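*Asks:* So the sequences go chain by chain: A and B. Counting in the working numbering, the first sequence runs from 1 upward without gaps. Counting in the working numbering, the second sequence runs from 1001 upward without gaps.
Wrong hints could be hidden among the right ones.
As the list claims (entries may be wrong) - Residues from chain B shown here face chain A by an in silico Cβ test under 10 Å; the list is partial: (1) I1158; (2) Q1162; (3) W1166; (4) V1202; (5) Y1209; (6) W1273; (7) G1274.
I should point out that these hints are in silico values taken from the structure, not numbers from a laboratory. Keep in mind it's a predicted model, so treat the numbers as computed, not measured. Backbone N, C-alpha and C fix where the C-beta goes; we use that ideal spot for every residue, glycine too.
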Amino acid sequence: MIKLQDVCYVRLGTADLDGATSFATDYLGLEIAHRSKDAVYLKSDQREHTLCYFAGSPADQTAAFEVRDRADLEAAASELERLGHRVRLGSAEEAAPRQVRSFITFEDPTGNKIELVWRPAYGSRRYHGERDAGITGFSHIGLCTTDAARDEAFWTKVCNARVSDRIGDAALLRIDEVHHTIALFPTDRAGIQHINHQVATGDDVMRSFNFLSERRVPMVFGPGRHPTSSARFLYFEGPDGMVFEYSSGVREIADELLYRERQLPFDAKGFCEWGAKPQIREFRN
Amino acid sequence: MVALEQLRYVRLVAGDLGRAADFGQRVLGLEPIDRTRELATFRSDFRDYTLAFASGDHAVQSVGLEVRHSDDLDAALEGLRRLGLSAGRGSAEDCALRKVKDMIWFADFTGNRIELVVRPLNSGWRYFPSRDAGIRGLADVILRSIDIEKDLSIWSGILNAQISDWAGDAAYLRFDHTHHRIVLFPATRPGVLCIEYAVEDVNLLMRNYYVLRDLQVAVLHGPGRRPASEQLFLTFAGPNDVHFSFVAEGAPIDGERRRPRQFPAGPAGLCGWGSECKIAEFNDAASGRTRRAETIASAKAQR
């Protein structure tokens, strides 16, 4: 069993590093932690960075998860190899800019690039965003899946995720008390489907809705409220078509023994209890 | 000082009674109560009705407030006449039409008709809405005012309303533990600017937002949050140039110790979320157009 502790960061390739950086700072509200010639590392909470844009192909996307011990990293590598995944240990040159002690990379069954990292750096300074978006931290990712049942089994049987709810065949998976840290959305490609940042209050969601609308950022879903996690949300499109989400008030599941996942319909009502209709490809039939 | 007990009703003049009634039932989701050729009334809570649309020659726009005794009406009448305002006692017919025991009416300095009523009818049966809009009841009314200062002399001189806060020159007035029941908003003409119904919570407010969009009702301001009252609001167009809002949450008021605070004029002082505002009076307040118009009007009057 691969014991994931938390989602750690995402790495996104982009052909327009300056454009992506100004979106991430001026619009999304992240803070630049550090930058190199061909990459920008962005901060959203106490962690040293949680999002990296690098000069490269927009199709080159990676999600990273933290493990507790070096032994967990080694055990994960041998378990993945036993299952036929190609596993590579990250070099010291690769680990340095990621600010992690050690990491391995592999692909999940759909082909999503995943990194498992040990001892990712925390910052000594707290996060101070470029604008007052009210961000409290990077919280979860949507991942593409080309076979929902197969990938749900990978994340829940090979890894330690549990199903919190399902919207159609899309499984919302938790690895701690937070309702979901990974959400698997059936589609025909590999990649990161959306990136979520939590904001402090529902007011922050609404303020950002007006702030981003005025700046012509394409709104693709919301403002709304998820019947699954009870979070108030807003989805909008960033560079290279990546969907970003702000949400607030996500449900926590404290009682692992009594909690029973629920089945929601795969339609607008399954995604929003206020009546917003998604313009996101993976959220529509 | 005459003690106001409750905001009771708003009576509106409907150009097309059928369309107005359809708005009350289908858009607001209120419960239809009385319907004649010239009148349609709607329930929103424990009160027999809180909204009436009337057509015909005798129809007038008015806001009804409850006081406890007929003596209070006498005292109010005396004070109002002392200010030189036109005021009068309602006839038996007027009272029957409004379902009250006794009443007086007056026109404020702007020309808004206010009615003070005694023993207005409550419903014995609970409110059953036409659609699940989550309405809890009539919350407050925003009145246009050409001369805020003079109109305030009625509300806080003869009646017992207190100023909770200012947004520009707009005054939020309270007479119970709610932040405001009446708002006087600077304008260049009289009339009810907006009628506000409380809904259960943010979820109902936002659900109504999407329902209104589906019904193709023009949203004029919000969804937003008012900095002064901390109310969530969603304001939309109603029939005959009167706006309606759904409101939710809002900070309770802690009695006498409270000091009125000054917030900015116009949309900046009316929404803390930065929502788009299409209400002329609100936008004019920010640009100072209303104040200029007032100055011109008073200059003309002096001449």
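*Asks:* So, for every hint listed, does it hold in this structure?
*Replies:* So, going through the hints one by one against the coordinates:
1. I1158: Because about 38 Å separates I1158/B from the closest Cβ in chain A, which is outside the 10 Å limit, the hint is violated.
2. Q1162: 27 Å, violated
3. W1166: 22 Å, violated
4. V1202: 6 Å, holds
5. Y1209: 7 Å, holds
6. W1273: The hint holds - W1273/B has a Cβ within 10 Å of chain A, the shortest such distance being about 4 Å.
7. G1274: G1274/B check passes; min Cβ-Cβ to chain A is 4 Å, inside 10 Å.
The earlier numbered hints that this structure contradicts are 1, 2, 3.
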